[in-house]
Amino acid sequence: MEMSGTGKQGDYAFGLMYSYAHRFWNVNGDSVSKTEIQNGDDVHLMATVWDPETMTVLPETGLSVEIYRDDSLVSQEAIYPMLSQPMGFHYGANFGLDGDGEYTVRLSVGALPTRRSGAFQGRFSEPTTVEIPFEYSQQAKEEIMVKQMEDESGTPGAVDPMKMEMMPSSTAPAEDDLPGRVIGSGMSNDAKFVVTVLDTPPAGIDGDGQYVAVSARSRYNRMILPAMGLEGTLSRGGETVYEGEFVRTLDPDLNYHYGAVVTGVEPGDKLLLQTTVQPQTARHEGYETAFGGLMGGMEDVTITAE
Amino acid sequence: MDPLDDNLPRRQVLKAAVAAGGVSALSACLDMASSEPVPTGDPNAKPSRQHAWREYIRHDEHGNSQLPKHQILLYIIFDEDGQPSADTRLILEQALTGLDRAYEWSHKGLLHSIAYSPSYFERFDQSLPENVDLPRPTALSPFESPTFDTQDAVIHLASDRADVVLEAEQALRGEQDQVNGVSVEARLTDVATIDSRRTGFVGAGLPAQHQDAAGIPDSNPVPEASPLFMGFEAGFKGNQATEDYVTIQNGPFAGATTKVIANLRQRLDDWYDEQSFEERVTEMFSPGHADKGLVKGVGSNLGSDSGIDQFIGDIESDAKAHNRVGHAQKAARANRDADGNVKLLRRHFESTDDIGSDQKVASLHFPSLQRRITDFEDVRRAMNGTDLTKVTPAIRQRVNNGILEYIFVRRRGNFLVPPRRHREVPTPQPES
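One line per chain: the protein sequences are Z and E, in this order.
Quick note on numbering: the first sequence equals residues 1 to 306 in our numbering.
Quick note on numbering: the second sequence equals residues 1 to 432 in our numbering.
In case anyone wonders, no lab produced these hints; they're calculated from the structure.
Given the structure is predicted, the values throughout are model-derived calculations rather than measurements.
Accuracy of the hints is not assured; some may be wrong.
As the list claims (entries may be wrong) - Within a straight-line C-alpha distance of at most 27 Å, the following computed BS3-like cross-link-like pairs (lysine-lysine) qualify:
1. Lys390/E <-> Lys360/E
2. Lys192/Z <-> Lys270/Z
3. Lys192/Z <-> Lys390/E
4. Lys192/Z <-> Lys320/E
5. Lys320/E <-> Lys390/E
6. Lys237/E <-> Lys296/E
7. Lys34/Z <-> Lys237/E
8. Lys8/Z <-> Lys192/Z
9. Lys141/Z <-> Lys34/Z
Please take these sequences and the hints and turn them into a complete structure.
Next comes the structure, spelled out in structure tokens:
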């Protein structure tokens with residue numbers, strides 16, 4: 001993978017990267033379909049969008065790409081959110097190009113549909129576009145491919161995340177860094193759900209009581225797992241205390257998480273978490289059987305509050 | 001050189017026509033061989049509404065309107081600053097009356113109108129009557145940043161005959177002394193500048209013929225029978241407002257309507273190459289349409305109504321069960337009044353214009369008529385399906401969310417189509 005450039009506009013910073021064309025798996029609900037490399041696919045373009053103030057990666061913005069060469073349109077697509085081991089959450093698609101040379105790539109985000117809390121309230125609510133120059137050469141791309149082959153080691157777990165100096169990775173906060181009181185965690189198909197309880201909901205979230213936040217991250221790399229449907233049941237001695245949705249939310253401290261307001265959580269309470277919809281992100285190779293993927297849905301997780 | 005002089009050798013004609021007017025001109029030349037005489041018109045025999053098309057165009061066997069095959073939009077800016085002068089009014093009147101005289105008001109002749117923007121009415125100190133809802137254009141989705149068309153006015157030319165719309169344009173530009181045997185007495189371009197010229201086509205066969213444009217995969221997927229690039233019929237009679245319904249009923253602009261014209265770039269690679277027919281039916285109409293096999297081919301079997309009303313209530317459960325929702329299903333939610341009447345009269349047509357470049361790129365010109373611009377805005381917002389992205393993460397901002405993945409809004413303008421009696425540079429409060 002190579003970095004092409006970065007841009008900043010409004011509330012958003014953008015990074016544009018490319019690699020050789022990749023096959024990937026598209027996810028719609030529980031249906032997973034392989035997208036093979038098509039004839040004419042020259043590159044896999046990837047984009048990351050983040051908040052330049054907090055360096056928080058913004059999933060679910062929606063992202064579309066226009067590629068121009070000498071003012072002539074080469075391609076335009078709404079591209080898909082994706083998960084890969086080295087990159088975590090990003091947007092990506094394969095594109096055909098018109099040979100070696102200078103291109104201009106316009107990246108456009110839509111307003112973030114995800115609920116926002118704390119200092120993120122009211123931010124990321126406008127669409128915006130940046131232009132990033134993109135230099136393409138087939139030879140340079142082939143060199144990336146050779147390097148990638150050399151690096152492949154066949155060890156279990158996940159490939160180490162790439163370190164990109166110019167941009168943040170989509171890493172969830174370490175357990176110790178999560179605000180509130182971490183009451184436990186559980187694993188579902190290589191997704192780790194870390195549950196923390198805040199005494200009051202973050203600013204901007206209605207309701208009286210405590211706030212239960214589920215931070216879902218990849219088991220090995222701690223990459224956020226966005227765009228799931230998550231339902232939870234909190235029970236105490238057989239009585240249901242809360243039953244309902246954990247809402248997709250972006251918060252400057254909790255990062256991307258799934259949250260619900262409950263009257264309170266006590267030690268010994270059981271929290272059953274059910275993934276009704278697996279992460280609606282395409283999967284790069286290596287993640288096609290994780291977090292649902294080709295395995296279908298994800299198992300339930302039960303946590304006993306500490 | 002006159003591009004329509006059929007004495008010129010064919011190749012020269014083609015070249016001149018392409019230079020003069022791109023796709024439509026080219027089509028015109030192809031049509032020329034079998035040209036029948038075009039009926040002339042009588043200025044006193046025109047309907048009182050400029051937007052009166054329904055009685056004057058073809059209908060299919062189900063009574064659905066068949067829009068004129070060839071259309072041109074000329075966005076104009078009057079040369080004078082401030083309020084238009086009597087001279088401007090006179091020239092415009094002569095130019096438009098010339099078209100009235102040259103062509104019958106029909107698909108065989110010419111349907112034409114001039115509509116005025118909010119910017120135009122800002123030339124006056126008075127404001128529009130309260131019952132005329134004509135806000136400036138605005139972004140209508142959380143993911144679009146269109147360029148707004150704020151020219152003074154737009155002239156819309158429509159005919160089944162490509163040579164007619166081209167010739168009418170030549171008349172307005174004063175590039176012909178005579179059109180259809182009627183002499184041209186005034187030219188619009190003496191008082192106004194054509195800021196943007198847009199062309200298009202609609203009807204079975206034409207999209208298939210033009211599918212070499214960028215944005216449509218090389219597999220030539222557009223069916224011959226389809227009136228539009230996306231492969232389905234649209235604008236069924238039962239899903240369209242009537243002309244009466246969209247007409248302003250009272251006040252000085254009684255007989256007028258409002259018109260939104262958007263231009264959308266179409267990117268249909270994934271629409272055709274990644275999706276099955278059933279998935280396209282799901283995303284265009286509703287999951288129920290696909291489940292029940294309601295749509296055959298381009299959808300002619302739907303008759304005079306897409307049947308969308310019966311699938312509006314299911315939209316949230318469809319989102320959860322099918323991970324997709326339909327375009328028509330979303331839009332229809334806001335496109336009915338309390339009595340169930342449809343609010344918008346859509347008259348969209350296809351194009352290979354790529355505004356601002358010479359490239360051939362699939363696009364859609366989307367004129368919609370409604371009594372109030374706000375009605376259009378409500379429907380467009382319902383079409384965004386933003387509420388449905390909260391129901392399930394499978395419905396994303398643009399993906400699995402109707403056809404939003406494949407369309408990119410580039411332009412939008414709002415206009416008032418005055419009644420014929422006020423069509424020449426009206427004041428905001430014309431005397432009835």
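Consistency of the hints with the structure:
1. Lys390/E <-> Lys360/E: violated, 37 Å
2. Lys192/Z <-> Lys270/Z: It holds: about 17 Å lies between the C-alpha atoms, which stays within 27 Å.
3. Lys192/Z <-> Lys390/E: Holds: Lys192/Z and Lys390/E sit about 23 Å apart, inside 27 Å.
4. Lys192/Z <-> Lys320/E: holds, 25 Å
5. Lys320/E <-> Lys390/E: Roughly 11 Å separates the two Cα atoms, so the pair holds.
6. Lys237/E <-> Lys296/E: Holds - the C-alpha atoms of Lys296/E and Lys237/E are around 18 Å apart, at most 27 Å.
7. Lys34/Z <-> Lys237/E: violated, 40 Å
8. Lys8/Z <-> Lys192/Z: violated, 32 Å
9. Lys141/Z <-> Lys34/Z: Satisfied, since the Cα-Cα distance of roughly 23 Å is no more than 27 Å.
Violated hints, in rising order: 1, 7 and 8; the structure is consistent with all others.
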